[in-house]
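**Student:** So you can see what is in the structure, the chains are spelled out below.
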Amino acid sequence: MSSIVSITNLNKIYKTLFSKQKVHAVKDLNLEILKGEVFGLLGPNGSGKTTTIKLMLGLLFPTTGQIKIMDESAGSSKVHQSIGYLPEESYLYRFLNADEILHFYGKLFGIPKEKRLKKIDELIEMVGLSKSRKRPLKSYSKGMMRRIGIAQALINDPDFIVLDEPTSGLDPIGSREVKDLILKLKLEGKTVLLCSHLLSDVEDVCDRIAIMYEGKMECLGKVTDLLSVSETKEITLPPNQPDFVEFMLQNAKSRGLTLEVKHPRRKLEDLFMEIVRKNKN
Amino acid sequence: MIGPIIAIAKNTFQEAIRSNILIVCLVVLGVLCAFAPMFPALNDSHSRLKLALSISTSLCFYFGLIIIIFTSAAFLPEEISSKRIYTIFTKPVSRVQYLLGKLLGVFFLSFCLLFVFAIIVIGFVRLTYQSFDEQSKKSGEGFLRTINPYTFESFKRFRYGKEVGEVPSHYFEVAYSQIDAKNFDGKLSFKILANYLKPEKTGKVYFDIFLYDATSKKEIFSMKEVEVLDKKLVTIPFDISALKEVQTLKNVMIRVVIAQKSLDYISGISMKSSDFYLHQVSQPIELNILKCFFIFSLQFALLGFVAVAASTRMSYYIATIFALTTFAAGSLTGFLKEYMLDKEQKIHYKIIETDTFYAKVSHFLDQYMQVVCSIMPNFSKHDVSTQLIDGISLSFGKMFSISGHYGLYITAYLMLAAFMIWRREV
Numbered sequence: 001m002s003s004i005v006s007i008t009n010l011n012k013i014y015k016t017l018f019s020k021q022k023v024h025a026v027k028d029l030n031l032e033i034l035k036g037e038v039f040g041l042l043g044p045n046g047s048g049k050t051t052t053i054k055l056m057l058g059l060l061f062p063t064t065g066q067i068k069i070m071d072e073s074a075g076s077s078k079v080h081q082s083i084g085y086l087p088e089e090s091y092l093y094r095f096l097n098a099d100e101i102l103h104f105y106g107k108l109f110g111i112p113k114e115k116r117l118k119k120i121d122e123l124i125e126m127v128g129l130s131k132s133r134k135r136p137l138k139s140y141s142k143g144m145m146r147r148i149g150i151a152q153a154l155i156n157d158p159d160f161i162v163l164d165e166p167t168s169g170l171d172p173i174g175s176r177e178v179k180d181l182i183l184k185l186k187l188e189g190k191t192v193l194l195c196s197h198l199l200s201d202v203e204d205v206c207d208r209i210a211i212m213y214e215g216k217m218e219c220l221g222k223v224t225d226l227l228s229v230s231e232t233k234e235i236t237l238p239p240n241q242p243d244f245v246e247f248m249l250q251n252a253k254s255r256g257l258t259l260e261v262k263h264p265r266r267k268l269e270d271l272f273m274e275i276v277r278k279n280k281n
Numbered sequence: 001m002i003g004p005i006i007a008i009a010k011n012t013f014q015e016a017i018r019s020n021i022l023i024v025c026l027v028v029l030g031v032l033c034a035f036a037p038m039f040p041a042l043n044d045s046h047s048r049l050k051l052a053l054s055i056s057t058s059l060c061f062y063f064g065l066i067i068i069i070f071t072s073a074a075f076l077p078e079e080i081s082s083k084r085i086y087t088i089f090t091k092p093v094s095r096v097q098y099l100l101g102k103l104l105g106v107f108f109l110s111f112c113l114l115f116v117f118a119i120i121v122i123g124f125v126r127l128t129y130q131s132f133d134e135q136s137k138k139s140g141e142g143f144l145r146t147i148n149p150y151t152f153e154s155f156k157r158f159r160y161g162k163e164v165g166e167v168p169s170h171y172f173e174v175a176y177s178q179i180d181a182k183n184f185d186g187k188l189s190f191k192i193l194a195n196y197l198k199p200e201k202t203g204k205v206y207f208d209i210f211l212y213d214a215t216s217k218k219e220i221f222s223m224k225e226v227e228v229l230d231k232k233l234v235t236i237p238f239d240i241s242a243l244k245e246v247q248t249l250k251n252v253m254i255r256v257v258i259a260q261k262s263l264d265y266i267s268g269i270s271m272k273s274s275d276f277y278l279h280q281v282s283q284p285i286e287l288n289i290l291k292c293f294f295i296f297s298l299q300f301a302l303l304g305f306v307a308v309a310a311s312t313r314m315s316y317y318i319a320t321i322f323a324l325t326t327f328a329a330g331s332l333t334g335f336l337k338e339y340m341l342d343k344e345q346k347i348h349y350k351i352i353e354t355d356t357f358y359a360k361v362s363h364f365l366d367q368y369m370q371v372v373c374s375i376m377p378n379f380s381k382h383d384v385s386t387q388l389i390d391g392i393s394l395s396f397g398k399m400f401s402i403s404g405h406y407g408l409y410i411t412a413y414l415m416l417a418a419f420m421i422w423r424r425e426v
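Chains W and X supply the protein sequences, listed in that same order. Heads up, the first sequence is in the working numbering, so the first residue is 1 and it goes up one at a time. Heads up, the second sequence is in the working numbering, so the first residue is 1 and it goes up one at a time.
Some hints here could point you the wrong way.
What the hints assert, rightly or not - List time: in silico DSSO-like cross-link candidates among lysine-lysine, alpha-carbon distance up to 27 Å:
| hint | chain 1 | residue 1 | chain 2 | residue 2 |
| --- | --- | --- | --- | --- |
| 1 | W | Lys68 | X | Lys83 |
| 2 | X | Lys10 | W | Lys115 |
| 3 | X | Lys232 | X | Lys218 |
Calculated directly from the structure, the hints in this document are not laboratory data.
Let the hints inform the model, and build the full structure from the sequences given.
**Tutor:** Structure representation (structure tokens):
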């Protein structure tokens, strides 16, 4: 798979005008994001995730190093044409309504009116804001703001989508919808960079992840590889097999091994979704 | 290329008109205009019209100035602090396009605001005019189409060129200089209110009125035995447009002589509030207000963009102060230049000592101010409000020249702002 983002020896040092103190926010970062994957960027506060994203989007300029996105320099108009960005908070014009804001961003991409109208209808329907599309954004809840933020990030049908905390402020249903959307985008061949504090979200949708700490990348790899414990094995049995469990326990005992037998647990999110779905029906 | 610029401009305009500051200012302006007719009533219709124009124009000017500067200075810091800029700069919009969009937004805001203000002023002036009686209205009309009214409270009494105090007057003079023939359609009116010290039985005095070219002292027009009643305001119109000399007039002198016929009957005369008007090519006051406010809107657009340009690297407060300082410095440019010229002359004639430390510091500051005055846009030179209040029409040539002046500064500030925002990290 070819890479969509290529970062080489990236360093970012913040300097202040009247102070000698420097902050080394990103240290010798080398990273490649492959086309069509969902990539998770993790790390505690102040680890350099947001700085890295800003550098990739051309909002900040690297002190040293190089960032190439789709073989173009980061921050160029050509790159921005194919990027969708959802910031950490939905920073939008609160005096506009959903229709107006999407028209505004659509115009920035130079999307023709007819195509824009069609796309806006489609996106508003997708994020579930059809009923409140004419209300000014200042009357929106945090979750609704997040949804319209996602819609604006997708207005240009981007190839590379950067989502910073996309599920923050959303209820479990909204959160699941966003995760489903990310997977849908992946199926459409889009590349997604996901930055989140909610590790379960990252685990659910990401193919690969990188963990940053104090500006350095500490870990990079496939989620399945990184999370699997290779020394031990887990066996899942079909229902109603007490004899086989007993047999296994006896066998292990004779070999001097200790086996742990328990029922597999469902995720709380799955339980919640099941109850909601049942009540809906 | 142009699509994103227009989108940003429209957004900027919408943001401004939906903000509370604009509504508050418009309400305050409306209230002040509503109270304005309660200002002291003046007997003289010209003065009342002038006052109405002056109050409403000044109010609109300063309110507009505050609205534009404060709103424009907030655009960029607001977008940066609210982080909305992230969603703009990550779209295929260059920073120059962004600035051009903001500039266009400020322009549009300025034009719309000043158009609304112009309508308010026209309405207010018309409202004031409606309250005049018929006689005042007629003389008011004269004001609306005249230039350079010359007013005096008393006149000197002369006999054979010498002031003679209590002795009956022979003549008095008023002079205009630097008359632009293009603005003068050859019509002259002479308004006089006279109190005769010893009026003859009929209460009539006769005047001979002469129009001279003040440079060559050549008489170009005269009117003999014009009748003026005691304590009655008289307006005497003259049409002298047929005279060739009128087309080349630069300096005009009007001499009013008490006619020989009157001399036997009066022993003294005093003049009160007499005005001379040189009529301008007729132009409706509404058009003049619109033209004047168009120039204001250009000035505001420039100041608004100064605020936007400053806010690319400065905070909201500093950018506001910078734009207000630019306005103050630009308005004082003419005065400062005159002051410095005067000082240089004093130094030249050794009236001011140049050896002392303070004199050197003062000289340095003068040099510094000279540089500042050269950089700053000259608002005092292009102040059209006085012209509007005096009823002088604004020519399209002058409007074009002022537009060019401001356009040049806007281009310079745009380049400076583009340079400052080019590598700005957000």
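**Student:** If a hint holds in the structure, say so; if it does not, say that too.
**Tutor:** Quick rundown of the hints versus the structure:
1. W:Lys68 / X:Lys83: This hinted pair holds, its Cα atoms lying about 24 Å apart.
2. X:Lys10 / W:Lys115: holds (20 Å)
3. X:Lys232 / X:Lys218: Cα-Cα ~31 Å, so violated.
Checked against the numbered hints given earlier, this structure breaks only hint 3.
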